[in-house]
Amino acid sequence: MQVTIMPRDERTQPLRIVPGYPQTPPRNPKAPLVQRAPTLSELTGPVDVARRVQLLGGDIAGHGEKQAIGQLMQLRLRVVDEDGAPVGGTVVEIWQANGAGRYIHPNDDDHAPVDANFYGAARLATDDTGALELRTVKPGAYPVPTNDGWWRPPHIHFSIFGKVWLQRLVTQMYFPGEPLNGQDRILNAVPDAQARECLVARLVPPTGEPHNALVFEHRIVLRGRRATPAQP
Amino acid sequence: MTMIPTGEATLGPFFPPRYVDAGANDLTQLQGRKAKGEVIEIAGCVRQEDGASLDNLVLEIWQADANGIYGHPADPRHADADPDFCGWGRAATDKAGNYAFRTVRPGAPRGRARHVNVMLMFSGLMRILKTTLFFPGEKANDADPVYAAVPAARRPLLVAREEAPGRYRFDLKLRGENETPFFDD
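Sequence lines, in order, name chains A and B. Counted the way our numbering counts, the first sequence spans residues 1 to 232. Counted the way our numbering counts, the second sequence spans residues 1001 to 1185.
Derived from the structure by calculation, the hints contain no laboratory data. Computed from a predicted structure; not experimentally measured. Accuracy of the hints is not assured; some may be wrong.
The calculated lysine to aspartate or glutamate pairs, modelled on EDC-like cross-linking and capped at a C-alpha distance of 20 Å, are [unchecked claim]: (1) A:30 <-> B:1184; (2) A:138 <-> A:65; (3) A:30 <-> B:1049; (4) B:1095 <-> A:108; (5) B:1034 <-> A:48; (6) A:30 <-> B:1179; (7) A:30 <-> B:1094; (8) B:1095 <-> A:128.
Going by beta-carbon spacing under 8 Å, a handful of chain B positions derived as facing chain A [as the list claims (entries may be wrong)]: (9) 1001; (10) 1003; (11) 1019; (12) 1030; (13) 1062; (14) 1121; (15) 1181; (16) 1183.
Taking CB as the label site, the calculated pair distances span [stated by the list, open to error]: (17) B:1107 <-> A:192: 37 to 43 Å; (18) B:1166 <-> A:106: 32 to 38 Å; (19) B:1055 <-> A:10: 29 to 35 Å; (20) B:1055 <-> A:177: 46 to 52 Å; (21) B:1176 <-> A:10: 20 to 26 Å; (22) A:35 <-> B:1067: 26 to 32 Å; (23) B:1098 <-> A:108: 19 to 25 Å; (24) A:147 <-> B:1171: 28 to 34 Å; (25) B:1083 <-> A:33: 31 to 37 Å.
Heads up, the beta-carbon is just placed ideally off N, CA and C, and yes, glycines get one too.
The task is simple: from the sequences and hints, build the whole structure.
This is the structure:
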């Protein structure tokens, strides 16, 4: 399985140094990035990550009587390449704040309460159609400690391995109609409006199970496309 | 049909610690079986522009096995790849900014010098930063297309320092003096 990687349209990707995001200026290179033509080394990658790390369940909203607090939701995620072809069997790491906007992390010292019944993280593999489902609660918004009024809108984080090193992706998904989306410095660091729109999930009519959750669909497009094998 | 590749975003400050699994930075064994080859250590410190070390930054590496083969179907030799070597590892920096990997010395893949791909993910990095580690004293470095793509004056910054036999130091500076060369992929 060969994947070809083309340069991306810069406007579809975020600025590296983001106004109002104080961690960005000291951590991003000053020198121009070095251009290189991909070799086999970057066009291969770990296809068996699941042999090295443990997958963690697809339900992080609690069990039995111990349900997480918040709006129950079902996330239907689909991972494809630039041709829209499914990327099956790839590991997806997911993490998010709880319904009150608090993460399970020692670095999160926000005032919002911890929810003992909320797990906050899942690590799953896509099926052959590139799909996976997660039962969770909708994350809350939270203030960023820049103390200048920046609140992160509700969002879910993803880390996706893909099939080759250059497909590796870290991204965030947003929710439709959220008033904080328009001011978020991270979402709006992507210059192209259409590309920003692609970062927002779609609310779809609930069909089938579960009947008691909002259903959001989201598509993630990894870089690259499958190459046609060279004729012998 | 051409779709827009999804926009990257920062890892943020709250990447779950459990995702840096115990042993994820040790590539020398896989599911209890030892990888073939010479065990080496790669360690270093990650700093930002003002020299402050960075805590909880996530590094991942990807490399060929001891024979220079990738365990991936795009490598024509992948059927001969070491089944007990995954080639991928993850580490996070500690409070002093230090990280460490245990791995095997990669063989030279066809057309390349022996090397290790490195990526960095962190709060404040809106995009993954990618670089490549080369080994000192390798005649093949100068002809390596990735090494040669870097301006000559900056190439030494991609070469790890051998502190003891099999023990390499590879410090990373994200910006400013001695800034590590990063690649635009």
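Which earlier hints turn out false for this structure, listed by number in ascending order? As far as the earlier hints go, 7, 8 and 20 are violated by this structure, in ascending order.
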